[in-house]
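> Listed below, chain by chain, are the residues.
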Amino acid sequence: MELPPEEAVRQEGLIEFYGSFKEMFEFFCKNTTIHGTIRLVCSGSTRGKRALWTLLLLASFGMLYWQFALMFSQFWSYPVVLTMSMHSEPKMFPAVTVCNRDPYRFELVREHLEQLDRMAEESLSFLYGSSFSSERGFHGKEQNGNGIGNGIGNGNGNRNLSSSGFRLSHNFSLVRMAQIRAGRKRSSVGFQLCNSTGGNCFFKTYSSGLDAILEWYRFHYMNIMAQLPLAMNDSEHQEHLQDMVYSCQYDGEPCRPSDFVHFHHPIFGSCYTFNSKGTDPFWTATKPGIPYGLSLLLRARQRGQLPLLSPVAGVRVLIHRHNQSPFLEHEGFDIRPGIATTIGIRQDEVNRLGGNYGRCTTDGADVAVELLYNSSYTLQACLHSCFQQLMLQECGCGYYYYPLPVGARPCDYSQNPGWGHCFYQLYSRLRNHQLNCFEQCPKPCRESLYKVSAGTAKWPSAKSQDWVRQALRHQNGYNSSSSRDIAKVTIFYQQLNSQAVHEAPLLSENLLLSSMGSQWSLWFGSSVLSVVEMLELLLDTLVLSLLCCCRRFGARRPPGGPDPTPETRLELGEGRPAPGTPGIPGIPQLRGCGGGEELDLGQGLGQDLGQEIRAERV
Amino acid sequence: AAAAPGKKITARLKRTLPVRGPQAPTLSELMRWYCLNTNTHGCRRIVVSRGRLRRLLWILLTLSAVGLILWQCAELLMNYYSASVSVTVQFQKLPFPAVTICNINPYKYSAMKEYLSELDKETKKALETFYGFSEGKSKVRRSVDDWNSTGSDFFQQIPLLKVEELSRTATELHSGQKRRVEGSVFHKDSSIVNSGDSNDIIGFQLCDANNSSECALYTFSSGVNAIQEWYKLHYMNIMAQIPLETKEKLSYSADDLILTCFFDGLSCDKRHFTRFHHPLHGNCYTFNSGENGTILSTSTGGSEYGLHVVLYIDEADYNPFLVTSTGAKIIVHDQNEYPFIEDIGTEIETAAATSIGMHFTRSRKLSKPYSDCTETGADIPVDNLYNKSYSLQICLHSCFQKAMVESCGCAQYAQPLPAGAEYCNYKKNPNWMYCYYRLHEKFVKEQLGCQQICKDACSFKEWALTTSIAQWPSTVSEDWMLRVLSWDKGQKLNNKKLNKTDLANLMVFYKDLNERFISENPANTLVILLSNFGGQLGLWMSCSVVCVIEIVEVFLIDSLSIVLRRQWQRAKKWWSHRQRGGPGTAQAGDLEGQGHHNPACLDEDLPTFTTALRLPLPQDSPLPRTPPPNYSTLRLESAFSEQLPDTLEPGRP
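In order, the protein sequences belong to chains A and B. 1 is the number of the first residue of the first sequence in the numbering used here; add one for each residue after it. 1 is the number of the first residue of the second sequence in the numbering used here; add one for each residue after it.
I should point out that these hints are in silico values taken from the structure, not numbers from a laboratory. Since we're looking at a predicted model, the values are computed, not measured. Take the hints with a grain of salt, since some may be wrong.
With a Cα cut of at most 16 Å, we get these calculated EDC-like pairs of lysine to aspartate or glutamate [to be verified]: (1) B:Lys125 x A:Asp466; (2) A:Lys463 x B:Asp479; (3) B:Lys455 x A:Asp280; (4) B:Lys455 x B:Asp383; (5) A:Lys463 x B:Asp488; (6) B:Lys270 x B:Glu304; (7) B:Lys445 x A:Glu253; (8) B:Lys445 x A:Asp280; (9) B:Lys445 x A:Asp466; (10) B:Lys497 x B:Glu315; (11) B:Lys500 x B:Asp512; (12) B:Lys500 x B:Glu515.
A few chain A residues that don't get close to chain B, going by computed Cβ distances all over 10 Å [claimed, not checked]: (13) Ser73; (14) His170; (15) Asn171; (16) Cys194; (17) Cys201; (18) Lys204; (19) Arg352; (20) Ala408; (21) Tyr427.
Facing chain A, a subset of chain B residues (Cβ under 8 Å, in silico) [as the list claims (entries may be wrong)]: (22) Gly51; (23) Leu63; (24) Val66; (25) Gln72; (26) Lys108; (27) Ser110; (28) Thr326.
For every residue, glycine included, the Cβ atom is placed at its ideal position computed from N, Cα and C.
All chains, please: the whole structure from these sequences, using the hints.
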């Protein structure tokens, strides 16, 4: 048992194993840091005491794992808390889009639009009597619009689209249908849609003729507008700015030409987006209040170029985030002409936690739908893109009002006669959540919402309207006898501090570890390192029993043969004696496995302790 | 001879210093001692493990556990100052807020005639020159003749100019002669509205009176804005000279403004309104201002139980140049708040019924260190000029006014007067307007530092408004309603038939009596933080505060003392060697390695436990045999005589 004195000073091996199980347990019991358990294993005591310790150990084990289970089940359900905070850092003014709700007649499709107007007149006189057609027709007002029309396409005005073979279809005429429902006769107006082979027809009906005509008109209008080349040159319409925005001031200073972007919306007409990029320091909001907001003098011209398309007079205003495409048909509000409207805005922010805590996307890069809008991700843009792609798959052409992917062409019934049928069915499926667009499009992780409240006052006042109109007439070429077509809009921050709602994890990894640690300390008094100790013990036991097996196997062989004990190979090059002879003093590891020696383990231990004591007495 | 005083000093030190020496004479032994005796896990294993790989692994494990503890605790500390928010919605009897109502037009135009006639003449002349606008041509002609006789040359100082952009020459209104515009031109090429055929822009020029080459030209994208701004500039000068009492008389009385009043289903009258003079909006009337000590509250929500007033807006008596819109302005605020009607007031329309539904929200933020807000504003170095409770808006305005008085010598008209200052007018301060515009530009660019000084208020109340408008009175009810209202008004004033465009109907009410209270609370307390610390320490190393103290003791104090002592000895050696000179240089080298092998060192040292007990040196024993800390009492023999055969059982055949 005693190590030879030269063993003490010999060099330490790279890996050393215990000589016997006894030695290993002795070492473990002496040096372990685990509380409680050790009493069970290492302390020899009466049976009653041991039973008590087992019970205590089991109880604390049970408590510990019960608590762990509670904690982990809570953690893996990924609970979130909403925290609300007030921010008051200086921020940018939001992007503001203003549309005059007066789409223009493009010269290229003028002829078709005139035809359509005539068709509409015919339908109206067919449905509601002939009194209508005697009055001024829809295209009677074209003279007013001529100025613009000529400006757009004088040169190629005659290179008309009749050559492309597009003709207005008379298949979709409006009809009145009488239904007997609940004992009362009700009539509805609608038009028929069939698939490309003419089968599977259904009526799209409306209880009010007004809605039916508007929808019918929009349907035809889409087909006509689909004839226009995709890359329309908007710069030709730049002159409209002076016609629409008479004055623009932000924070008391005039706006600059770089501050706005123009686009034409097929229904909402000329639109201008102010501060669309949100990077110019000119548009930082320094103070809340009306004097520091955006003030616009607008002309809400009721020219009525397409009276059946946009029967509303006024200006559509939309306040949105920078780099976000304005969805005028979904959001925004209208302002009346002849009125000064002051719109106070307040910003609310929503921040969602992505990942395990819920589904959201930061920039839309991880969304399966390819975004057709070249702006930042919004839910609406994703839904539109998703729908457009389904439309292309199922109907073979793109919906005109949504942007088109490269290579696709918008629908028109001269080429896809059944697209209306296909579209309306697809759309109703989208509305009933039968398409998976809503699943494919997650919410954005960061959203800004603008809360709006408005006040109105008559403008210009009776006393001042004379000089105001004179000034406008002189400077802006305003020529109208009625003052009911100019409007003043002021958009301002009501307060600069915005309310932000954040999602935060209720139980972060950090806190989870802390509470695990406190539970562990409370019930078990051990640490991660103690567990590693246990693992080490386990590993050692494994290796040692393996060695024992080998030893026993080797013992049956005739002595003198090469002994392939693994530990000897491990300790090669450590200045040990050559392998092969078991039991030499250089390899004390296998002594525990020797036959008969384990019988007097107690004695051996006693000797060991005795030696220890002796050593201390020297 | 030189060593003797050194010995004396050490002997004295030994006697007087209560500090005992470290547990071991050298650093490595100290570490060994620590690892064997500490209660933290891992460290003991470094020492007692056999095999270098095992030892290395245990060193790595222990160090990574320490690292994890430090990282996690740092994260806990960083998240300490976070706040959680609670939102409570309670239904209760809500106090009705104060509602301040102003006419958009501040003063009766007819009464202001004598003050403003010159300015108006000038404005009309400008309109005629620039836009060919004329109303009553003869009058204007006469006013041109009057011009020189009036002797007022203030308008001449700041005339309206027509700026022809390319040549940058300005046509002056009066003389008609062109002159070059000097100095810096603001907003020069900034107009998006290129005014069609006439390429000119209207604006005005402000010059430094002391240094006439310093000029700033202000242009506007629209002539409407230019004229209004120019008019307002002169108007403020004129108004600044009129005393407050006169101004109050020139403005509307409560009888003028309010025709009928209902609150909570009961009739109310002008006694419920408090007059409040606003510099830009004239006389305003605050309903439920709480001035007489009582604050009204509504019994239930809904439009029936709110404030319902009919306002008389005399459109014919409007100032045509100062205001261009018709209506009234209202603001809903707390009784202690100042109504910033010019900034955030809501306009209401004439000939219409405007109903405003309110939703009440009260918020409270935690002040420092959770966020940077102020409870009362007392810690902000800006005097509150408004005698109302603190808000960010008040602070910004006060800060600007202070800067104005400091740099321009007089106070701006739209804000309250600081003590000892008076409002600017160009009779006394001919330079103020240039100064003001410069200062305001600085303010907007945040060069005045006001935005940095002023902080948010920690608690605030907010009434979110929802407005809806209906036409009023309806065509069928118009007739009788106007007749009744005219008769009512006729009782009070002269007999005059009312027009429906002179009336505005306003309803302000609580949509519901729910109060939403958003309050921040600290998410962490010290107790939670400490228990989290404890958890982390326990999880990785089963450590506690005591063991942290232990670490500090061993690794800082003891190690330091060992190092210092060694340095001291080396210095002494070096000194004595120098005294002796020559030999002994070789000995200095092996002194550094082992302190206690050196007999000299043993003599000099304070007694440590090894030297004191005369125990054999640790190298001699095969295993460190310092008293095992934890289970030395276990009776190992009996444990193993029972235990091991069982464990070995599977190993035997």
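> Next step is simple, just say for each hint if it's right about the structure.
Structure-based check of all given hints:
1. Distance hint between Lys125 (chain B) and Asp466 (chain A) is fulfilled; the C-alpha atoms sit about 14 Å from each other, no more than 16 Å.
2. For the suggested pair Lys463 (chain A) and Asp479 (chain B), the alpha carbons sit about 25 Å apart, so the restraint of at most 16 Å is broken.
3. Between Lys455 (chain B) and Asp280 (chain A) the CA atoms are separated by roughly 25 Å; this puts the pair beyond 16 Å, and the hint is violated.
4. For the proposed pair Lys455 (chain B) and Asp383 (chain B), the alpha carbon gap of about 13 Å is at most 16 Å, so the pair holds.
5. Proximity of Lys463 (chain A) to Asp488 (chain B) is assessed by CA-CA distance (about 26 Å); at most 16 Å being required, the pair is judged violated.
6. This hinted pair does not check out: Lys270 (chain B) and Glu304 (chain B) have alpha carbons roughly 20 Å apart, beyond 16 Å.
7. Proximity of Lys445 (chain B) to Glu253 (chain A) is assessed by CA-CA distance (about 13 Å); at most 16 Å being required, the pair is judged to hold.
8. The suggested pairing of Lys445 (chain B) with Asp280 (chain A) holds, with an alpha-carbon distance near 14 Å, which does not exceed 16 Å.
9. At most 16 Å may separate the alpha-carbon atoms for a hinted pair to count; Lys445 (chain B) and Asp466 (chain A) exceed this at roughly 37 Å.
10. Taking the CA atoms of Lys497 (chain B) and Glu315 (chain B), the gap is near 13 Å; set against the 16 Å cutoff, the hint holds.
11. Our distance criterion of 16 Å between C-alpha atoms is broken by Lys500 (chain B) and Asp512 (chain B), whose separation comes to about 31 Å.
12. Of the pairs offered as hints, the one joining Lys500 (chain B) and Glu515 (chain B) is violated, with about 37 Å between alpha carbons and a cut-off of 16 Å exceeded.
13. At roughly 19 Å from the closest C-beta of chain B, the C-beta of Ser73 (chain A) stays outside 10 Å, upholding its exclusion from the interface.
14. His170 (chain A), annotated as away from the interface, keeps every beta carbon of chain B farther than 10 Å; the closest lies near 43 Å.
15. At the 10 Å boundary, the C-beta of Asn171 (chain A) stays outside the reach of chain B, the nearest C-beta of that chain being 44 Å off.
16. Against chain B, the non-interface label of Cys194 (chain A) holds: every CB pair exceeds 10 Å, the least being about 44 Å.
17. The Cβ of Cys201 (chain A) lies farther than 10 Å from every Cβ of chain B, with a closest approach of about 44 Å, so its non-interface assignment holds.
18. For Lys204 (chain A), the condition that its CB be more than 10 Å from all CB atoms of chain B holds, with the nearest at approximately 33 Å.
19. Against the 10 Å criterion, Arg352 (chain A) stays outside the reach of chain B, whose nearest CB is about 16 Å from its own CB.
20. The beta carbon of Ala408 (chain A) is kept farther than 10 Å from every beta carbon of chain B, the shortest such distance being approximately 36 Å.
21. Non-interface call for Tyr427 (chain A) relative to chain B: holds, since the shortest CB-CB distance, roughly 32 Å, exceeds 10 Å.
22. Here the hint on Gly51 (chain B) is kept, as its CB sits about 4 Å from the closest CB of chain A, short of 8 Å.
23. Given hint, Leu63 (chain B) at the interface with chain A, is violated; its Cβ is 11 Å from that chain's nearest Cβ, farther than 8 Å.
24. Taken as an interface hint, Val66 (chain B) does not check out: its beta carbon lies about 10 Å from the nearest beta carbon of chain A, beyond 8 Å.
25. For the restraint placing Gln72 (chain B) at the interface with chain A, the shortest Cβ-Cβ distance is roughly 6 Å, inside the 8 Å limit, so the hint holds.
26. Hint status for Lys108 (chain B) relative to chain A: violated, with the closest Cβ pair at about 12 Å, above 8 Å.
27. Checking Ser110 (chain B) against chain A by beta carbon gives a least distance of about 11 Å; that is not within 8 Å, so the hint is violated.
28. Proximity of Thr326 (chain B) to chain A holds as hinted, the smallest CB-CB distance being about 4 Å (cut-off 8 Å).
Hint check: violations occur at hints 2, 3, 5, 6, 9, 11, 12, 23, 24, 26 and 27; the rest are consistent with the structure.
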